[in-house]
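Asker: Sequences listed follow chains A and B, in order.
Mapping of the first sequence onto this note's numbering: residues 1 to 256, in sequence order.
Mapping of the second sequence onto this note's numbering: residues 1001 to 1633, in sequence order.
For the record, the hints were derived by calculation from the structure and aren't laboratory data.
For each residue, glycine too, the CB sits at the ideal point set by N, CA and C.
Treat the hints with caution; some may be incorrect.
Beta-carbon label-pair distances, calculated as ranges [as the list claims (entries may be wrong)]:
no., chain 1, residue 1, chain 2, residue 2, range
1, B, Asn1186, A, Ala78, 30 to 40 Å
2, B, Phe1283, A, Phe17, 41 to 51 Å
3, A, Ala193, B, Ser1237, 39 to 49 Å
4, B, Pro1446, A, Glu131, 52 to 62 Å
5, B, Val1109, A, Arg118, 50 to 60 Å
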Amino acid sequence: MSAILELRDVGVRFGTFDAVDGVSLTVNAGEVVGLIGPNGAGKTVTFNVITGLQPATRGRVLLGGTDVTRQPAHVRTAMGLSRTFQVVQLFAGMSVLQNLMVAAHRHTHAGVLVDALRLPGRGRALRQAEERARAVLAFLELSHLADLEVTSLPVGQARLVELARALCLTPTCLLLDEPASGLDPGETADFVALLAHVRSTLGCAMLLVEHDMGVVMPLCDHVIVMDFGKVLASGPPLEVRDDPAVRAAYLGEEVH
Amino acid sequence: MKLYVSLALSGLPIGAMYALSAMGIVIVFKTSKVFNFAAGAIGLACAYFASTLHSHGFPTLLAVAVAVLLGAAIGVLMELTVRPAKGALTGTIVTLGWLLVLQGVVGWVYGTQVATNEPVQIVGDGNFIDWGGVLLYSNQQVVLLVVAAVLAAGLAVFFTVTALGTATRAVSEAPDAARLLGIGVNRVNLVAWGLGGAVSGFAGVLVAPLLGGLDTTKLVVFTVQALAAALVGRLSSLPLTFAGGVTLGLLQPIVARALQQFDGIKGTQELTAFAVVLVSLLFMKRSGRRDVGGGLLPAPLQPLPRGVFAVATAVGVALAVLLAPLLVDDVGNASHYNVSQVAIWGLATLSLVLLVGVVGQVSVCQAVFMGCGAYGTGIAMGHGVPFLLAIVIGAVLAAAVAALVGLPALRLEPLELAIATLSLSFTADRFLYSWPPLASSDGNRPVARPGFANIDPGHVANGQRAYAWLALGIFVVACFAVASLRRARTGAALTALRSSEPATAAMGFSVVSVKLRGFAASGFIAGLAGALYAGLVQGASGAAFDFTRSITLLAYAVIIGVGSVPGAVLGGMIVTLTTLTFGSTSDVANGSQVSLTTMFTGIILIAILALTPEGLTGIVSRNVRKQPELVAA
Ligand SMILES: Nc1ncnc2c1ncn2[C@@H]1O[C@H](COP(=O)(O)OP(=O)(O)OP(=O)(O)O)[C@@H](O)[C@H]1O
Ligand SMILES: [Mg+2]
Chain A
1 MSAILELRDV GVRFGTFDAV DGVSLTVNAG EVVGLIGPNG AGKTVTFNVI TGLQPATRGR
61 VLLGGTDVTR QPAHVRTAMG LSRTFQVVQL FAGMSVLQNL MVAAHRHTHA GVLVDALRLP
121 GRGRALRQAE ERARAVLAFL ELSHLADLEV TSLPVGQARL VELARALCLT PTCLLLDEPA
181 SGLDPGETAD FVALLAHVRS TLGCAMLLVE HDMGVVMPLC DHVIVMDFGK VLASGPPLEV
241 RDDPAVRAAY LGEEVH
Chain B
1001 MKLYVSLALS GLPIGAMYAL SAMGIVIVFK TSKVFNFAAG AIGLACAYFA STLHSHGFPT
1061 LLAVAVAVLL GAAIGVLMEL TVRPAKGALT GTIVTLGWLL VLQGVVGWVY GTQVATNEPV
1121 QIVGDGNFID WGGVLLYSNQ QVVLLVVAAV LAAGLAVFFT VTALGTATRA VSEAPDAARL
1181 LGIGVNRVNL VAWGLGGAVS GFAGVLVAPL LGGLDTTKLV VFTVQALAAA LVGRLSSLPL
1241 TFAGGVTLGL LQPIVARALQ QFDGIKGTQE LTAFAVVLVS LLFMKRSGRR DVGGGLLPAP
1301 LQPLPRGVFA VATAVGVALA VLLAPLLVDD VGNASHYNVS QVAIWGLATL SLVLLVGVVG
1361 QVSVCQAVFM GCGAYGTGIA MGHGVPFLLA IVIGAVLAAA VAALVGLPAL RLEPLELAIA
1421 TLSLSFTADR FLYSWPPLAS SDGNRPVARP GFANIDPGHV ANGQRAYAWL ALGIFVVACF
1481 AVASLRRART GAALTALRSS EPATAAMGFS VVSVKLRGFA ASGFIAGLAG ALYAGLVQGA
1541 SGAAFDFTRS ITLLAYAVII GVGSVPGAVL GGMIVTLTTL TFGSTSDVAN GSQVSLTTMF
1601 TGIILIAILA LTPEGLTGIV SRNVRKQPEL VAA
């Protein structure tokens, strides 16, 4: 199996506080890896380091074997990385379709001049992006939302739209930051089924941050537990769940 | 070495004045988080007022005292108009409106030519004091220094020990909590603005003699030095602000000396202050201090509802129909000239529609981009480039300058960018427009436009009609270009960027490149406007692109509503109509009438922002949008 994503001894320090402290992990092609841990463990910061939104203080980030530690976010996106955000970050003031088209434009080419002067490439770019966006909406059975303004969506639908937007990038590695938070149990079950469907159809690797074990257990091939910026445990889901250290971390979490 | 020490020391008195004016800004900012861009203009009003009182026989100290009271009154009035504005940036743009109002009123009453009135001098003569053979300061300057130092110390103590000082801090840090504790937030704000206005006004009265007399622009440009000092004080510390002002005063003569070797260089003082502004803004970021609040001016851009779009398009078409006969009929030069003006100022407004409405950045230096376009055209033509190619070169130069301005904008909040661009406008007036490589030595580059007489043979000797067609054609193409840009890939990226930078980056767009392209495109359009203007008046000169122009352009864009491309036509009409009615701003002989335009622009800007930050088209679109909402509910 080949590693799609690899972190080697990554650290992020804010002032004197190590938010991420020597994390190493590997995600192989087509694999679903869960990243769990109590609040403040450093999961989101790790995501930001992987996607290039937060520079690492130390360590390396590799995508498909290439060192991208110094590459900006948009370059990593072009290399097949895609993500959703813990706090939904849809583009306000735009419709669902327009939101997806921003992502779908990764596959199009049209510069300022072409767009301003209606040179030939402009229409093609718009058409391709719209086709791609509509196809993804149809795949996730969200076509009826296409023309709604995103700020009017309830959180459950907003999370689905964010997933759809991430898929428009045709990722080889998809990073999902608590995609099921804010969903009710029924929605969560649907969401798990949907992710399983995405996985079996598209075959992209996933790194999944989630607190809800009902989401992590059925989906993940492999689970990594973080606490205080460090990797606490790592292994198959059931094994990790029964690890005493993990239990202690979570019980400690629940006490306060 | 000794030379430099005495050079530096010679800047001390004026440095103290920068400090004083800056403290007026800081006092206001500490409580309300609003940046008072009108600080210099308050000083201007107070200096003229004191001088008038004095010439009517008021004793010096009484005249000064009454003028300072005027400053306080202006401050209080400003607070009342800033209060309804939502967000620090909108409030700050209201103070730009006040800058226009004050500058307009003073120009209207006193004329814009260098005034015959003498500034009030607190102590009589300007004789130098002999300190063991060293003649450094006049007795007048010594008094200024002492007064400024005592006042600064007094204010600093006042803010640390008094109840008001504590209340001020509470209000600025947590207005809601302060309200719960029974602190009258509005009252504290009023007091702070009144005090700030008084201090800025006092600084104006004191500094007028040092600036060599009463002058309607010098006293306003003075704001850039005050801004610099206030930023050194990180907008919070009065002692640091004082130190900042004094240091700037000490620095300026040295910089002037160092740059002396370049022939014909002017405005080194403003240049120094601008550098200080830029460095402190970027440094505040670096050290993680986020004292300057954000608060974006336009609400997240809503797509215009079809109704409004149709109305705006109809208005645009109607205007075009109205204009067309002017071009077909032989109605004479003046009308053709005015059609060109509508197109040119429409282009200028359009460049702001793109920058503020689409890119979501605020620029108070759009006229500087125009100036670059104009001078660039002049320079290119000086090298034998034909006119039509030269205007493109001018526009490209403007685009490059705009991209340069966009670089710090990558790191700055919108309010900070407003500070930086306003400072740039002030600096351009004094420095750029007389900088030999760009402007020629007399600040005017000829821009002949050969070819237009041939296109339009026998009609008018200088081809005004053909030129009007050219300008109008470029304007229409530019409008379509912006509209089509906005609906395509680039527009999608720009709109996304305004909503969430991390998400846009995660979607594969380079934040740096998208933003800089937005700036460059806006600069290109503004540069085209400047180039066409230079062609129209057959010469490039900075006077048409001064800071007042930058501010009024932003004002028109805000008044009309920054989100609307057809609104740009309206912008062009307004500028041209006011020019027709009151004369051009560059026309000094017309000073009083021009000042009326400036004043009314300021008043309308203040009024509109009190009503809605979305401008006229915003008001219309909200009313149109209401109906579907009712149906849905
Ligand atoms: N920009 C920042 N500056 C300083 N500290 C930060 C910054 N970003 C995150 N932190 C801190 O780093 C720690 C890890 O945060 P992170 O958001 O990664 O936690 P998490 O594991 O995602 O938790 P949660 O489950 O609550 O989302 C937290 O203590 C947070 O306060
Ligand atoms: Mg998190």
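Asker: Next, verify each hint and record whether it holds.
Answerer: So, going through the hints one by one against the coordinates:
1. Evaluation of the 30 to 40 Å hint for B/Asn1186 and A/Ala78 yields a failure: the beta carbon distance comes to about 52 Å.
2. For the pair B/Phe1283 and A/Phe17, the beta carbons lie near 24 Å from each other, so the given range of 41 to 51 Å is not met.
3. The hint said 39 to 49 Å for the Cβ distance between A/Ala193 and B/Ser1237, and at roughly 59 Å that hint is violated.
4. Look at B/Pro1446 against A/Glu131: about 54 Å separates their beta carbons, and that is inside 52 to 62 Å.
5. Separation of B/Val1109 from A/Arg118 is about 51 Å and conforms to the stated range, judged on CB atoms against 50 to 60 Å.
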